[in-house]
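Protein chains: 2
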Amino acid sequence: MEADPLSTTFAALSDPTRRAILARLALGEATVTELAAPFDMSLPGISKHLKVLQRAGLIEQGRHAQWRPCSLKPEPLRDVADWVGQYRRHWEESFERLDTYLRDLQDRQEQWNGDDDAHDPNRPR
Amino acid sequence: MEADPLSTTFAALSDPTRRAILARLALGEATVTELAAPFDMSLPGISKHLKVLQRAGLIEQGRHAQWRPCSLKPEPLRDVADWVGQYRRHWEESFERLDTYLRDLQDRQEQWNGDDDAHDPNRPR
Numbered sequence: 001m002e003a004d005p006l007s008t009t010f011a012a013l014s015d016p017t018r019r020a021i022l023a024r025l026a027l028g029e030a031t032v033t034e035l036a037a038p039f040d041m042s043l044p045g046i047s048k049h050l051k052v053l054q055r056a057g058l059i060e061q062g063r064h065a066q067w068r069p070c071s072l073k074p075e076p077l078r079d080v081a082d083w084v085g086q087y088r089r090h091w092e093e094s095f096e097r098l099d100t101y102l103r104d105l106q107d108r109q110e111q112w113n114g115d116d117d118a119h120d121p122n123r124p125r
Numbered sequence: 126m127e128a129d130p131l132s133t134t135f136a137a138l139s140d141p142t143r144r145a146i147l148a149r150l151a152l153g154e155a156t157v158t159e160l161a162a163p164f165d166m167s168l169p170g171i172s173k174h175l176k177v178l179q180r181a182g183l184i185e186q187g188r189h190a191q192w193r194p195c196s197l198k199p200e201p202l203r204d205v206a207d208w209v210g211q212y213r214r215h216w217e218e219s220f221e222r223l224d225t226y227l228r229d230l231q232d233r234q235e236q237w238n239g240d241d242d243a244h245d246p247n248r249p250r
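Just so you know, the sequences run in chain order V and F.
Each residue of the first sequence is one higher than the last, beginning at 1 in the working numbering.
Each residue of the second sequence is one higher than the last, beginning at 126 in the working numbering.
No wet-lab data here; the hints were simulated from the structure.
As the structure is a computational prediction, the values presented were derived from the model and not from experiment.
Here a beta-carbon is modelled for each residue, glycine too, at the ideal position from N, C-alpha and C.
Certain hints may be false.
Unchecked claim - Across the chosen pairs, the derived CB separations fall in these ranges:
hint : chain 1 : residue 1 : chain 2 : residue 2 : range
1    : F       : Phe220    : V       : Gln54     : 17 to 27 Å
2    : F       : Ala145    : V       : Thr31     : 34 to 44 Å
3    : F       : Lys176    : V       : Lys51     : 22 to 32 Å
4    : F       : Glu217    : V       : Glu92     : 20 to 30 Å
5    : F       : Ala148    : V       : Leu98     : 20 to 30 Å
6    : V       : Thr31     : F       : Gly170    : 40 to 50 Å
7    : V       : Thr31     : F       : Gln186    : 44 to 54 Å
8    : F       : Asp204    : V       : Ala3      : 16 to 26 Å
9    : V       : Glu60     : F       : Glu217    : 38 to 48 Å
10   : F       : Trp237    : V       : Pro16     : 46 to 56 Å
11   : F       : Asn238    : V       : Arg97     : 54 to 64 Å
Generate the whole structure from the sequences, applying the supplied hints.
Written out as structure tokens, the structure reads:
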């Protein structure tokens, strides 16, 4: 069964080497040999990752030049951003709840310290 | 080998049923039975998906209530948004290039039509 495009994109992104390849290509096109250089990985190993990225439409490889450079195709990443953007409200609310909780803790701590100070006649007012 | 958190999140999101479960939980907490209802899937099948989402920290399941409702944990989605946001410039540039190309095509088309009209004495000026 062929996976839907978004599932294929997420699967392609679920590997740190493939994400590092995209980060390198964000700086400009590169050959397979250049892409393999920073990784302790064989050319066939890198080629396998490139195939996964290519199938997901995240990179393309030049057909005509002899050195066939790879380049980034960012469109599927925009689809990821659109998808995850639907949940922005949720993580912002979750952050606000944490913020409220921490402020509440701080208020109690200050109140506690205030109570303590009441018994210390030397503390300046 | 344990995958890094972002890889685990992307892998969890690479399935349409799991994304549908998140979309349902974005509306509010739900029991496993409620989550299974819209899918033609056995409870063990759904439970397997829930375990993947739980391991990725995308959902949590209540421990104390008898019906153990699941709820959305949006923090890993914020990490996805942060990661993909680095590439925004790229898809925006790519969209602008397409826009320029289409405008250019339209200009040529209009120029072409204009040339054609030159031979039509009945066309109002």
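message: Hints numbered earlier in the text: which of these fail when held up against the supplied structure?
response: 9
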